[in-house]
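Please put together the full structure from these sequences, using the hints given.
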Amino acid sequence: GEDVEQSLFLSVREGDSSVINCTYTDSSSTYLYWYKQEPGAGLQLLTYIFSNMDMKQDQRLTVLLNKKDKHLSLRIADTQTGDSAIYFCAEKGSGNTGKLIFGQGTTLQVKP
Amino acid sequence: KAGVTQTPRYLIKTRGQQVTLSCSPISGHRSVSWYQQTPGQGLQFLFEYFSETQRNKGNFPGRFSGRQFSNSRSEMNVSTLELGDSALYLCASSIGTANTEAFFGQGTRLTVV
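As they're listed, the protein sequences go chains A and B. According to this note's numbering, the first sequence is numbered sequentially starting from 1. According to this note's numbering, the second sequence is numbered sequentially starting from 1001.
Note that these hints are calculated values from the structure, not bench results. There could be a bad hint or two in this list.
As the list claims (entries may be wrong) - Straight-line C-alpha distance at most 30 Å; calculated DSSO-like pairs for lysine-lysine: (1) Lys36(A) to Lys56(A); (2) Lys1013(B) to Lys36(A); (3) Lys68(A) to Lys56(A); (4) Lys1057(B) to Lys70(A); (5) Lys1057(B) to Lys36(A); (6) Lys111(A) to Lys36(A); (7) Lys70(A) to Lys36(A); (8) Lys56(A) to Lys70(A); (9) Lys1013(B) to Lys1057(B); (10) Lys1057(B) to Lys67(A).
Claimed, not checked - Residues of chain A placed beyond 12 Å of chain B at every Cβ, according to the derived structure: (11) Val12; (12) Met55; (13) Leu64.
The beta-carbon is built from N, C-alpha and C at its ideal position, and this holds for glycine as well.
This is the structure:
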């Protein structure tokens, strides 16, 4: 079945890099996403990667995809206090559907 | 370009009542999906609409229903509210069902007392 797993909490110092990890089970996933949620807000799309890619970089964000191990990671370079939020990994399956399967979310705490 | 608009932002209802939530997608987007977010269950898919047709439905009881209008705006309805329906309800908008990017609204926080 479809399942997405994330570690629940990560704490880093301001200026360090953060790496948030995610594993998924659906080998037919076409796209994998990272969303950010700040307190009291909706989900903000940060970046996504197509399943035939293994890396995507977008400014401070780097996404790595290991399709063989069904492992996705999000690296945030030079982490700032404003990056403190919950980060969700999500997968989109094959077929003509927009349905997303989300992980439980990783709370990123950035200490000054 | 305006983002996804959900109304109302906050709602308090009593058990047994019914509620209707509204979502206006980004202009030009024809696909709307709904998700329920709770601390215990996380983000769960409710349903997906495209061109006024329900394309996909999650594992929720029949008390949860929705519809989409010709202007792509969508509503979801929950009848006979239960305490466990208290959640943040999020709407996502995309150009089409196979589109890569889904953009979320701020959500409607429903509290059932």
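Hints and how they fare:
| no. | hint | in the structure |
| --- | --- | --- |
| 1 | Lys36(A) to Lys56(A) | 17 Å, holds |
| 2 | Lys1013(B) to Lys36(A) | 29 Å, holds |
| 3 | Lys68(A) to Lys56(A) | 17 Å, holds |
| 4 | Lys1057(B) to Lys70(A) | 26 Å, holds |
| 5 | Lys1057(B) to Lys36(A) | 24 Å, holds |
| 6 | Lys111(A) to Lys36(A) | 18 Å, holds |
| 7 | Lys70(A) to Lys36(A) | 21 Å, holds |
| 8 | Lys56(A) to Lys70(A) | 16 Å, holds |
| 9 | Lys1013(B) to Lys1057(B) | 25 Å, holds |
| 10 | Lys1057(B) to Lys67(A) | 27 Å, holds |
| 11 | Val12 | 23 Å, holds |
| 12 | Met55 | 17 Å, holds |
| 13 | Leu64 | 18 Å, holds |
In terms of the numbered hints stated before, the structure departs from none.
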